[in-house]
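S.K.: Here's the letter readout for the chains.
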Amino acid sequence: MDRGQNSGGLMSSAGLVRYFDSEDSNAIKIDPKTVIATGVMIGVLVQLLTFVA
Amino acid sequence: MGWKEAAEPVLTRMPTVRRPEGHVPFKRKLTWSAGILVLYFFLTNIALLGVQSGGATDLFGQFRSVLAGEQGSILHVGIGPIVTASIVLQLLGGANLLGLDTDDPRDQVLYQGLQKLLVVIMTVLTALPMVFAGDFLPAMQSLSLGGLEFNQTQVQALIFAQIFIGGILLLYMDEVVSKWGVGSGIGLFIIASVSQSLVTGFLRPTQGGFFYNWYQIFTGEIQVGSLVSSDGLMTLLVTDQGGQLIALLTTLLIFGIVVYAESVRVEIPLSHARVKGARGRFPVKLIYASVLPMILVRALQANLQFIGQILAMQGGANGEGPIQLFGQELAWLGTYSNGQPDGGFFYYVAPIYSPRDWMWFTADVGQEAWQVLIRMSIDVVFMVVGGAVFAIFWVETTDMGPEATAKQIQNSGMQIPGFRQNVGVIEKVMERYIPQVTVIGGALVGLLAVWANMLGTIGGVTGTGLLLAVSITYKLYEEIAEEQMMEMHPMMREMFGGGD
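Protein sequences appear in the order of chains A and B.
The numbers in this note's numbering rise by one with no breaks, and the one at position 24 of the first sequence is 54.
The numbers in this note's numbering rise by one with no breaks, and the one at position 237 of the second sequence is 238.
Watch out, some of these pointers could steer you wrong.
[Claimed, not checked] Capping the alpha-carbon separation at 27 Å, the derived lysine-lysine pairs in DSSO-like fashion look like this:
hint : chain 1 : residue 1 : chain 2 : residue 2
1    : B       : Lys277    : B       : Lys180
2    : B       : Lys5      : A       : Lys59
3    : A       : Lys63     : B       : Lys180
[Unchecked claim] Pair by pair, the computed Cβ-Cβ distance ranges are:
hint : chain 1 : residue 1 : chain 2 : residue 2 : range
4    : A       : Ala67     : B       : Pro26     : 14 to 24 Å
5    : A       : Ala83     : B       : Met486    : 45 to 55 Å
6    : B       : Val89     : A       : Ser55     : 21 to 31 Å
[Unchecked claim] Selected chain B positions facing chain A (in silico; Cβ < 7 Å):
hint : residue
7    : Val11
8    : Arg14
9    : Leu38
10   : Leu40
11   : Leu44
12   : Asp104
13   : Pro106
14   : Gln109
15   : Leu144
16   : Gly148
17   : Leu149
18   : Asn152
19   : Val156
20   : Ser179
It is worth saying that the hints were derived from the structure and are not from the lab.
As the structure is a computational prediction, the values presented were derived from the model and not from experiment.
Heads up, the beta-carbon is just placed ideally off N, CA and C, and yes, glycines get one too.
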């Protein structure tokens, strides 16, 4: 019971970067899959170029 | 308030990761976090294109395990820029210079935009000197890709582009975890980096690995000598090339202390205003502000050391002897040997990393006892005062202060038995506990970090690294437990406030 009432978002703000619920409709929205795909692609690209060089 | 209107078009257009619509099942959340973690490890293993192999010194040096990333990889800057940007925001927010009200949706958007813009700026500011000043990432003389030829300056630009992209990628990876996964990305990267050093420190099959050293001690390859002599004791207990028993003990103790301190709290009793018998407790934890502010203090020290390192590389000094600026030798500012400060201002403000830095009675320390003592006292004061100050700012900016918590308690319909049901009254009671607990907790964590560094830790993860890793893991565990409870009882979700 007391957990339900109190803990909530209080203690879990363990991020150095804060994100709120509200977002501007102007902002460019990125899909999380895009982030992962970009990361993988950049890694593979750099590795391939290293082999070529 | 002029800056808000001026900056609004830029800040509101910063690209953000899409929010999930509705509830994300717990398993899916875990998958996102795990996916990002795999990507993180993948990227730390991709060596930068165009960097000469060998000979480079890590600008982050001893701060590496706390700031994550990997020397010479795409993630070279690690979370350094994010932490530095956070320091700036904390200081501005804590001193109330921003004029942003984080309850106002429009200001929330501005805050998020500002946060991102600052990280981009800090990534540039961190990456620029790493590539262009000194030998931190020595570029190849020339590089040919396919038919293209790059000269050294172009190769440097190429390296800069890679580590810049790496820094920005980390920012978005953190956002994905924060919005779609469990915990926060930054926390995940710190745990990953610290655990990696810790495991390497135990298992490394070369000189310095804990088990390897002990294997050598048993086979007689490391001569411990007589246990009643100071040399024998030093080898067995302290040195990296010996038994590392004190380091093992410190590492285990920090684990224990953090887990114990997580449960030390002042509990303020609450009861429901209307529902009789519905009782609760509001816990004010000893390490209320968590140990996260500690990373800010350390990063401040780290940034001071970067400036020193960069200065030491200028004017032909190249990391040896006194700092040279405009043709003058500034020994009071710092003298360096092997790229490490051994005198002057930058020596005294350098934190103690390991027993080698302060045990003036051993041959490892070249400084006088009084010099070491000054450095130690500056480190302790910096960490204790810094820990307390940043903990206060942290509590204020993350809405954990008396005013914000009083509002939350009031909104949940609870009251403190024996007091009038009024926000002001609850705030008064909170003011009796939260500031005091915050300051004591912050100072304590600072002291703990210095103490752990002085005695050394396995794998050189540093006291701060260990404190962060253990406490973030503990938080993660709590969060996972909470998630699972909500999965099992969909009713609970409504009590926690509609999904996420």
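S.K.: If a hint holds in the structure, say so; if it doesn't, say that too.
M.R.: Checked hints:
no.: 1; hint: B:Lys277 <-> B:Lys180; in the structure: 37 Å, violated
no.: 2; hint: B:Lys5 <-> A:Lys59; in the structure: 22 Å, holds
no.: 3; hint: A:Lys63 <-> B:Lys180; in the structure: 13 Å, holds
no.: 4; hint: A:Ala67 <-> B:Pro26: 14 to 24 Å; in the structure: 22 Å, holds
no.: 5; hint: A:Ala83 <-> B:Met486: 45 to 55 Å; in the structure: 53 Å, holds
no.: 6; hint: B:Val89 <-> A:Ser55: 21 to 31 Å; in the structure: 28 Å, holds
no.: 7; hint: Val11; in the structure: 11 Å, violated
no.: 8; hint: Arg14; in the structure: 5 Å, holds
no.: 9; hint: Leu38; in the structure: 11 Å, violated
no.: 10; hint: Leu40; in the structure: 5 Å, holds
no.: 11; hint: Leu44; in the structure: 5 Å, holds
no.: 12; hint: Asp104; in the structure: 10 Å, violated
no.: 13; hint: Pro106; in the structure: 4 Å, holds
no.: 14; hint: Gln109; in the structure: 4 Å, holds
no.: 15; hint: Leu144; in the structure: 6 Å, holds
no.: 16; hint: Gly148; in the structure: 11 Å, violated
no.: 17; hint: Leu149; in the structure: 10 Å, violated
no.: 18; hint: Asn152; in the structure: 14 Å, violated
no.: 19; hint: Val156; in the structure: 10 Å, violated
no.: 20; hint: Ser179; in the structure: 5 Å, holds
The structure is inconsistent with the numbered hints 1, 7, 9, 12, 16, 17, 18 and 19, although it conforms to all the rest.
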